[in-house]
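Dock chains B, C and D against chain A, hints included.
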Amino acid sequence: MVKPEVYGLFLRVRLYGILKDIVGPEVKIGTDKPLTVRELLALLNDMSGGGLGEWLDKVRVAVNGEVVESDEAIIRPGDDVALLPPSAGG
Amino acid sequence: MVKPEVYGLFLRVRLYGILKDIVGPEVKIGTDKPLTVRELLALLNDMSGGGLGEWLDKVRVAVNGEVVESDEAIIRPGDDVALLPPSAGG
Amino acid sequence: MRRVLVGIVREEVDVGRIVEGFKPLGKEGYGAIVIFVGVVKGVVDGLGVEELRYEAYEELAEKVLARIAEEEMRKHELGAVAIYHRVGDLRPGDTTVYIVVAARGRREGFAAAAEILDRVKHEAPVYKLEVREDGEFWVIGDGERVPRPPRPRGP
Amino acid sequence: MRRVLVGIVREEVDVGRIVEGFKPLGKEGYGAIVIFVGVVKGVVDGLGVEELRYEAYEELAEKVLARIAEEEMRKHELGAVAIYHRVGDLRPGDTTVYIVVAARGRREGFAAAAEILDRVKHEAPVYKLEVREDGEFWVIGDGERVPRPPRPRGP
Chain A
1 MVKPEVYGLF LRVRLYGILK DIVGPEVKIG TDKPLTVREL LALLNDMSGG GLGEWLDKVR
61 VAVNGEVVES DEAIIRPGDD VALLPPSAGG
Chain B
1 MVKPEVYGLF LRVRLYGILK DIVGPEVKIG TDKPLTVREL LALLNDMSGG GLGEWLDKVR
61 VAVNGEVVES DEAIIRPGDD VALLPPSAGG
Chain C
1 MRRVLVGIVR EEVDVGRIVE GFKPLGKEGY GAIVIFVGVV KGVVDGLGVE ELRYEAYEEL
61 AEKVLARIAE EEMRKHELGA VAIYHRVGDL RPGDTTVYIV VAARGRREGF AAAAEILDRV
121 KHEAPVYKLE VREDGEFWVI GDGERVPRPP RPRGP
Chain D
1 MRRVLVGIVR EEVDVGRIVE GFKPLGKEGY GAIVIFVGVV KGVVDGLGVE ELRYEAYEEL
61 AEKVLARIAE EEMRKHELGA VAIYHRVGDL RPGDTTVYIV VAARGRREGF AAAAEILDRV
121 KHEAPVYKLE VREDGEFWVI GDGERVPRPP RPRGP
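Each protein sequence line maps, in turn, to chains A, B, C and D.
Heads up: the first sequence begins at 1 in my numbering, then just goes up one per residue.
Heads up: the second sequence begins at 1 in my numbering, then just goes up one per residue.
Heads up: the third sequence begins at 1 in my numbering, then just goes up one per residue.
Heads up: the fourth sequence begins at 1 in my numbering, then just goes up one per residue.
In isolation and in its complexed conformation, chain A is listed as follows (with noise of 0.2 Å):
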């Protein structure tokens, strides 16, 4: 089991793969609100200087340890974020 870690008011999420390189491996957001999807990545684009660019189609992102589907889904504060790119396993 993933156990969310509480950061106090912030958001952790962490980034994998090329990911890592443009926005950096980890990123804690001050917010005692809960975000969408979208908005969580608008803001990691916004701190990236818009680097995310053309990765914001191909990101998948994973709350507590799943992928979520919908861009509306909800992130809460203490919540386990991670931004992945598309797998290149094996």
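Treat the hints with care, since some could be wrong.
Stretch by stretch, here's where chain C covers chain A in the computed footprint (C-beta under 8 Å, at least three residues) [what the hints assert, rightly or not]:
| no. | stretch |
| --- | --- |
| 1 | 13 to 22 |
| 2 | 61 to 75 |
Residues of chain B placed beyond 12 Å of chain D at every Cβ, according to the derived structure [as the list claims (entries may be wrong)]:
| no. | residue |
| --- | --- |
| 3 | 9 |
| 4 | 29 |
| 5 | 31 |
| 6 | 32 |
| 7 | 34 |
| 8 | 35 |
| 9 | 41 |
| 10 | 43 |
| 11 | 56 |
| 12 | 73 |
| 13 | 74 |
| 14 | 77 |
| 15 | 78 |
With a straight-line Cα cutoff of 25 Å, these simulated DSS-like cross-link-like pairs (lysine-lysine) come out [stated by the list, open to error]:
| no. | chain 1 | residue 1 | chain 2 | residue 2 |
| --- | --- | --- | --- | --- |
| 16 | D | 23 | C | 23 |
| 17 | D | 121 | B | 58 |
| 18 | B | 28 | B | 58 |
| 19 | D | 121 | C | 23 |
| 20 | D | 23 | D | 75 |
| 21 | D | 23 | C | 121 |
| 22 | C | 121 | A | 58 |
| 23 | C | 27 | D | 121 |
Worth flagging that the hints you see were computed from the coordinates, not collected in a lab.
No residue lacks a Cβ here, since even glycine has one placed at the ideal position from N, Cα and C.
Chains B, C and D alone, transformed into the frame defined by chain A:
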């Protein structure tokens, strides 16, 4: 390399798989003349009371460690002959 | 005997030991063990590869591997499935991924192993950076290469 | 390193050791090792199998295995091939045949291993007697079973 064993004026034939059950594991045929593959098969069929019957079409004959394709191929006394049913490896 | 073995691992996996574990399933009618082992290539598109740096979102990756194993086990009527993916800095000749299936027959076995491998490549949150003689590239999906962008912080 | 390994063998084969030997071919661009291991099934057509008695015309069998390995190596551009077939009295859960190929990619690897296995089954002079609960059967070709005929001499 296969080393042919000479049995005086005998021809040694080893049999495999179901053919061994029908004819026997090894047959020595006294002959000082060359035989064709066809003649050898007819002889072995006679020796087994016609038991080779349905197998005559399916049998492969190897002479000195290589399968011969033609029924007219010549076998000489001293050759190492093997009678092979259809393969069943794996 | 555990029928589903999966893991994101740092070390090599002992394939012989998995085969040893799956062999007894022959008694239940599983007569075919098919194994795929991926190996880092030293040459891609004619260019030398120095290293592949693999990382995974591990919490999710192991769940995804287990899900793939269980779904494919049902679909192909397998007796057992093992899927291991390595992470870390791997060099040409190092192993990367291991798929082992015990199937009733060879056709199901080959089909299952190939399909599991495809799914692992596309579904498991595993990422690789190819360090080549002409630079560093992120491998995206099944072969597209994107030059590594400049980083916002440290190397 | 020997690129073609074949044999008619009495003992089990250490698959892990073959993988160990083929891994370094990754450096030359062979990124996929595919392995097939055949296992004696304990159940065939719902009937219990006690034993499979394998025999081979060994002088020819090893030549045939080597020929298959070399031809398939050229056809599928493989880096290395191993083919081992066991003989003797084998029981359910025992291994029977081992095919290992090192290929450039997974598709060639799976295709080559499947094709080599088919050829071994049809071309290698290897024979098997299936000892089942309902009697003894010679397996002919790829699955036809013929009841064992009465023998002209001892068992």
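These are the hints, each one checked on the structure:
Given a C-beta distance limit of less than 8 Å, the hint that chain C covers the stretch 13 to 22 of chain A holds, as 6 residues qualify and 3 suffice. With 4 residues having a beta carbon nearer than 8 Å to a beta carbon of chain C, the stretch 61 to 75 of chain A meets the requirement of three or more and the stated coverage holds. Residue-level check passed: residue 9 (chain B) sits 23 Å from the nearest beta carbon of chain D, beyond 12 Å. Once the 12 Å rule is applied to beta carbons, residue 29 (chain B) is consistent with being away from chain D; the minimum gap is 15 Å.
Its beta-carbon lying about 21 Å from the closest one in chain D, residue 31 (chain B) satisfies the requirement of being farther than 12 Å from that chain. The Cβ of residue 32 (chain B) lies farther than 12 Å from every Cβ of chain D, with a closest approach of about 25 Å, so its non-interface assignment holds. The Cβ of residue 34 (chain B) lies farther than 12 Å from every Cβ of chain D, with a closest approach of about 22 Å, so its non-interface assignment holds. Non-interface call for residue 35 (chain B) relative to chain D: holds, since the shortest CB-CB distance, roughly 20 Å, exceeds 12 Å.
Every beta carbon of chain D lies more than 12 Å from that of residue 41 (chain B), the smallest distance being close to 17 Å; the non-interface claim holds. Here residue 43 (chain B) stays apart from chain D, with its beta-carbon at least about 15 Å from theirs, past the 12 Å limit. The claim that residue 56 (chain B) lies off the interface holds: its Cβ sits roughly 14 Å from the closest Cβ of chain D, which is beyond the 12 Å cut-off. Every C-beta of chain D lies more than 12 Å from that of residue 73 (chain B), the closest at about 15 Å, which supports listing it as non-interface.
Its beta-carbon lying about 19 Å from the closest one in chain D, residue 74 (chain B) satisfies the requirement of being farther than 12 Å from that chain. Every C-beta of chain D lies more than 12 Å from that of residue 77 (chain B), the closest at about 19 Å, which supports listing it as non-interface. With a cut of 12 Å on Cβ distances, residue 78 (chain B) stays outside the contact zone with chain D, its closest approach being about 16 Å. For the given pair, residue 23 (chain D) sits about 23 Å from residue 23 (chain C) by alpha-carbon distance, which is consistent with the 25 Å threshold.
A hinted pair counts as satisfied when its Cα atoms are at most 25 Å apart, and residue 121 (chain D) with residue 58 (chain B) qualifies at roughly 16 Å. Simply put, residue 28 (chain B) and residue 58 (chain B) have alpha-carbon atoms about 22 Å apart, close enough for the 25 Å limit, and the pair holds. Restraint check: the Cα-Cα separation between residue 121 (chain D) and residue 23 (chain C) comes to about 20 Å, which is no more than 25 Å; the hinted pair holds. Straight-line distance between C-alpha atoms of residue 23 (chain D) and residue 75 (chain D) comes to about 21 Å, which keeps the hinted pair within the 25 Å bound.
A threshold of 25 Å between alpha carbons decides the hint, and for residue 23 (chain D) with residue 121 (chain C) the separation of about 20 Å falls inside it, so the pair holds. At roughly 16 Å between alpha-carbon atoms, residue 121 (chain C) and residue 58 (chain A) fall within 25 Å of each other, so this suggested pair holds. With a CA separation close to 21 Å, the supplied pair residue 27 (chain C) and residue 121 (chain D) stays within the 25 Å bound.
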